[in-house]
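Chemist: Read off the chains here:
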Amino acid sequence: MKKNSKQDLLWIYRKMKTSRYFEERMEKAYLEGKQPVFNIGAGPVPGEMHLSNGQEPAAASMIVNLTKDDTVTATHRPHHQAIAKGVDLKKMTAEIFGKKTGLGKGKGGHMHLFDPIVKFSCGGIVGAGIPHAVGAALANKKKGTDRVAVAFIGEGAVNSGAFHESMNLAALWNLPLVVVVEDNSWGISVSKKNSTCVPTNDVRAAAYGIKGYGVRDNDPLKMYEVSKEAVERARKGEGPSIIEIETYRYLGHFQGDPELYRPKDEVSKLRAKDPIERLKKYLLEETLASEEDLRVLDQEIMKEVDNAYEFAINSAYPEPEEALEDVFV
Amino acid sequence: MKKNSKQDLLWIYRKMKTSRYFEERMEKAYLEGKQPVFNIGAGPVPGEMHLSNGQEPAAASMIVNLTKDDTVTATHRPHHQAIAKGVDLKKMTAEIFGKKTGLGKGKGGHMHLFDPIVKFSCGGIVGAGIPHAVGAALANKKKGTDRVAVAFIGEGAVNSGAFHESMNLAALWNLPLVVVVEDNSWGISVSKKNSTCVPTNDVRAAAYGIKGYGVRDNDPLKMYEVSKEAVERARKGEGPSIIEIETYRYLGHFQGDPELYRPKDEVSKLRAKDPIERLKKYLLEETLASEEDLRVLDQEIMKEVDNAYEFAINSAYPEPEEALEDVFV
Amino acid sequence: MPFDRTRMTINYLTMEATKQITRKLTGSKAMAQALEQEMNRDKNIFIMGEDVGKYGGIFGSTTGLYEKFGQERIMDTPISETGFIGAAIGAAAEGLRPIVELMFVDFHGVVMDQIYNHMAKIPYMSGGSVKLPIVLLTAVGGGYSDAAQHSQTLYASFGHLPGMKVVAPTFPNDIKGMLISAIRDDNPVVFMFHKTLQGLGWMDQLDASLGPVPEEVYTTPLDKAKVVREGKDVTIVGVQMMTVEALKAADKLVERGIDAEVIDLRSIKPIDKETLLKSVAKTGRMVVVDEDYYSYGITAEVSAIVASEGFKHLKAPIARLAIPDVPIPYSRVLEKYVIPDANDIINAVENMVTY
Amino acid sequence: MPFDRTRMTINYLTMEATKQITRKLTGSKAMAQALEQEMNRDKNIFIMGEDVGKYGGIFGSTTGLYEKFGQERIMDTPISETGFIGAAIGAAAEGLRPIVELMFVDFHGVVMDQIYNHMAKIPYMSGGSVKLPIVLLTAVGGGYSDAAQHSQTLYASFGHLPGMKVVAPTFPNDIKGMLISAIRDDNPVVFMFHKTLQGLGWMDQLDASLGPVPEEVYTTPLDKAKVVREGKDVTIVGVQMMTVEALKAADKLVERGIDAEVIDLRSIKPIDKETLLKSVAKTGRMVVVDEDYYSYGITAEVSAIVASEGFKHLKAPIARLAIPDVPIPYSRVLEKYVIPDANDIINAVENMVTY
Ligand SMILES: Cc1ncc(C[n+]2csc(CCOP(=O)(O)OP(=O)(O)O)c2C)c(N)n1
Ligand SMILES: Cc1ncc(C[n+]2csc(CCOP(=O)(O)OP(=O)(O)O)c2C)c(N)n1
Ligand SMILES: [Mg+2]
Ligand SMILES: [Mg+2]
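Going down the list, the protein sequences come from chains A, B, C and D. Taking this note's numbering, the leading residue of the first sequence gets 1, the next gets one more, and so forth. Taking this note's numbering, the leading residue of the second sequence gets 1001, the next gets one more, and so forth. Taking this note's numbering, the leading residue of the third sequence gets 2001, the next gets one more, and so forth. Taking this note's numbering, the leading residue of the fourth sequence gets 3001, the next gets one more, and so forth.
Just so you know, these hints were derived from the structure itself, not from any lab. Incorrect hints may have been included.
[To be verified] Computed cross-link-like contacts, DSSO-like style, restricted to lysine-lysine with a CA-CA straight-line distance of at most 27 Å:
# : chain 1 : residue 1 : chain 2 : residue 2
1 : D       : Lys-3054  : B       : Lys-1269
2 : C       : Lys-2043  : B       : Lys-1142
3 : A       : Lys-68    : D       : Lys-3043
4 : A       : Lys-222   : A       : Lys-28
5 : C       : Lys-2054  : A       : Lys-193
6 : D       : Lys-3054  : B       : Lys-1193
Using the sequences plus the hints, can you model the full thing?
Modeler: Below you can see the structure in the form of structure tokens.
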């Protein structure tokens, strides 16, 4: 790890922590109004809720290499990437609470966060964001910029037709695209072994004559290194690549998932290797930060997140008739 | 080439010749009613017409390894595979002439030939037949048979999502499937170079951890050898594979294609290497057949094809109201 | 998506099995029972889909089947809808009887080609020589803030296209009977089940989602609507949740002296004209309520049929209630505004009787 | 698919360019002219599709553009509709103005998810913060024996879903004006052009496919129907080829003393109610003719609108002519039977005036 990466590593730590804390609050907010009897449609945050606790390295260690003008497309599990990309946290939280002040005026919801200012989008259809990233990369190239586009997807999405068509296009047109596969072992209840005919998806780069990288064991440092290389290559016009990171899904697929399909101790084993803790240890050991530095940082983070929740909670709901607006511009 | 393949090679020759002659007649039949002014909807054979002259080795040298109970799915360019698979030639011709005696009672047409007796089907949507072959292979496996399924596709179809999803499924479930890619260099007017980010599609087998084979220069003997191996592997439960054969499209994408997109001399160069002539030479050189044998064979073929045309031409059209039948069984 | 039982109380609607011949089942249990009974009868039936195995189907359609039939017959798939729904076509052509689940109907766009160009047309294009006995199960409906890509019903998107029977039963009894009919039909059948009517412990609890279901095997026609409440003043036509809302509205209309007849459409394609026309001949007035989009939807087709063939009976224009041609918004207040409910129906009826 | 000119005489409909301000163009030339003029105006416009480059579009929509704009702006794509139509969404979100061609509308099933879940909904889901100025060009229509997977119009499959404007102009003048409007619109527009109305040298030669088109740039509204023939006895509503058939029918009806008004719908979504209602207020009778499938199609939606809002004007039930819910068969005699034509219209009108 090069010396000049100190700033980057602290940034990664901050973003991972922000996402983690944001989601811990979200887990609670989601359960409001759903106790003692769970009802998916009840409470201030209704609908499906996909949390990314444990998967933070995939997002933060990649996005540290991006600027505001690079594009990110994400999935149904979008908070960690959105936070790393710098999506307006207040508006994002308000959106998840269905408020008028939200990114989509309450029309989108947690799976549909759009912040064109930092070029972030996501969506609820598996695989569908990859072509959008291809299009952004194409636009970047057409405009003669060195901007890149990054598509985040789950390992399950790699088996969708959209993945294949997109990778072929990106390679054929030599576009500045990086696809990050967050391999959390599961697509809802279907294990990677039961969905994917090859052990790791980086080998699939061969089908497109592009670079494929693998990151083992949710390692934020390795992810940083590899992402940096992939993004730099894309910026220099050296074409697209695929990065697959082995990551952890601490929670159910969505909140409310009974998780009967996975071993009871899987998560506790994963939690013992928590990537935020690992990075913290590294920062301290390498004296890139002191305990005190991190404590202060943590407090900043909590304040930022708490402010966002406060904003969201205090914002007004849209008027019913606003449902009819924004179909067309 | 092993001695015991004599019969197979003669079979391949017969099927290639049958297809060639069948299509030469079709080319003429198609132009009837379309002269002096071409109108796609006129004449006894209206609609689009995709001929396979030049591509015969892909079909015959593969299908010689199959039985009636193995399944073939084909494309919008289906005659050579249909003929090799043993589709009832009379009914097939009648179908193309839109007659009541046709395979589909005149409802299908040239792109939609279904002969369940020999397990043949095809269709007009690029890539769409591959999943059907996966399903047939799955059925074969479920029934505990050693039957295989073969999907024929063009090189253009390899870039469709359906290809990728199907290959992953077939490899994941270890199904008896072989995908034959007929690389005729063109998807209508789009060259392989402009559609495909890798030079050959056999390398894409790596994305599925399966076997990939390449056959150069439309070679019927090599295609036979490779197909035999792939089919045997599939029968033995050793899983799916991909074969890409470099083949030639002598005619336009469809009849009526101005072909302004390809060099004027491309086809004459290809015709000089005609695979039927090459196989004929081989048969004679290796004394697997005499000139006289082949002359007799050719006559048999012509008679069979002529009979089919006669049957088709003399058959009645359906009654208009029959359009309302067969939506449901 | 049953909620984690270790963490929270669930309102279990499903009653314990008894020795009675008819017991109350939820929609989801009615589906699973139909599937189980038919799979026992016919070894050629198997099920493919995402999370249909151990999970038992995200909306409980295959609950308990994996344990009974194993992974050969209850097959979890990758997220490859074109691949596995296309594979169902190939397997059906070989004589098997696949049942495939498209998890949410909202995802149909990734696989519509296989559904409407192949599954629905091959029997016709083959002149009847290829049969495709496939059931496509798919979950529909909104009302629980699942937003624009997970809340649609898309009844008409399927109903518009030839070659498929399309059904959308409401009550557990019909769910079982129509699913068995669908499985036994030699044609492709799209079987839409409404999430909220599955009687799942983690969604809204509705009386309608629990109902008497005979234990024995029985079939219910795929092409018949059903008068679920008789009345003489106005006919209200609904499907699934809109039938439930229509019944609610009818109860309240009584207080206002209006006696409404309620028809549960059940079959999206074909539409049972006779039942509609017979009712309107009696009432002379009709409200059609749909949880699908307004334009080119059920309200259009039913109105057109009745306006044309029941022209002389109509005392007032037919009223159409449906999602007003906007995507389904996330926020509860917005979603509630776009999905019709009992109040909207009552208003429509009141406007109409004063026409 | 222009026929090989070296081998055969072609009936060229396209007239030579002159210095006149308005000249006669075919549908295809009108499209290409609109595209060219707009691409000259705005560098952010580019076109992607299969065979849109040297080939000039299988149905001539991009004739000559590759030569003028080169491969950076006229991009041939692999057969990856989800990939490149999805890419158009991503590029539009970055401020470009992509025009994408789906070669035949029949192929929509491989890419419908990108079209209806993303292109059509992102503007709404983003609360208006993301604009997607995309034109989706697609060829529709049958009548030349291209069979079940290449002959559909699917007007209602698009019209049913929110978030897209859907147009289907008939005449070259409207084709140019509506295409320019579509390109300038900041919303997704599905622009359907009918193969037979492109005036291609290798298809049926129709008078309607050649018409006066001003050389200058102009726009035609995307939401207005057009009365293309005035009359007082009956209103016939058509789209594209059915408008052509309606005009033919109207000419023959004169001989029988019936004066028909013909409306070219032009806009599938939204439907221009006012024009329809105004006409029916005058004539009191309506026939709706559609080259799409019957159920849940244009005939349903138009009937429903008129039966509801024009109820009091109707002297007879509205007649619906459309493809009778069967896939489109190949054989000419069968196809002719399922696609409505002038004779069917005449019969419907005659039945109606004696109602
Ligand atoms: C096309 C499509 N099919 C199915 C689904 C339902 N679904 C939502 S998330 C999911 C699993 C996704 O797995 P993966 O890509 O690994 O992402 P993860 O949830 O693990 O982050 C599925 C099947 C969907 N949203 N879209
Ligand atoms: C999904 C889809 N997209 C586009 C088409 C139009 N189309 C028909 S054939 C063809 C080219 C196919 O190329 P290839 O797969 O190489 O087969 P070939 O025609 O060379 O035999 C195209 C683009 C189609 N039929 N289906
Ligand atoms: Mg996953
Ligand atoms: Mg090809």
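Chemist: For every hint, state whether the structure bears it out.
Modeler: Comparing the hints with the structure gives:
1. Only pairs whose Cα atoms come within 27 Å are accepted, and Lys-3054 (chain D) paired with Lys-1269 (chain B) is accepted, the gap being roughly 22 Å.
2. This hinted pair checks out: Lys-2043 (chain C) and Lys-1142 (chain B) have alpha carbons roughly 11 Å apart, not beyond 27 Å.
3. For the suggested pair Lys-68 (chain A) and Lys-3043 (chain D), the alpha carbons sit about 24 Å apart, so the restraint of at most 27 Å is met.
4. This hinted pair does not check out: Lys-222 (chain A) and Lys-28 (chain A) have alpha carbons roughly 32 Å apart, beyond 27 Å.
5. The hinted pair formed by Lys-2054 (chain C) and Lys-193 (chain A) meets the criterion: a straight-line CA distance of about 15 Å does not exceed 27 Å.
6. Between the alpha carbons of Lys-3054 (chain D) and Lys-1193 (chain B) the distance comes to roughly 15 Å, so the proposed pair stays at or under 27 Å and holds.
Checked against the numbered hints listed earlier, the structure breaks hint 4 alone; every other hint is satisfied.
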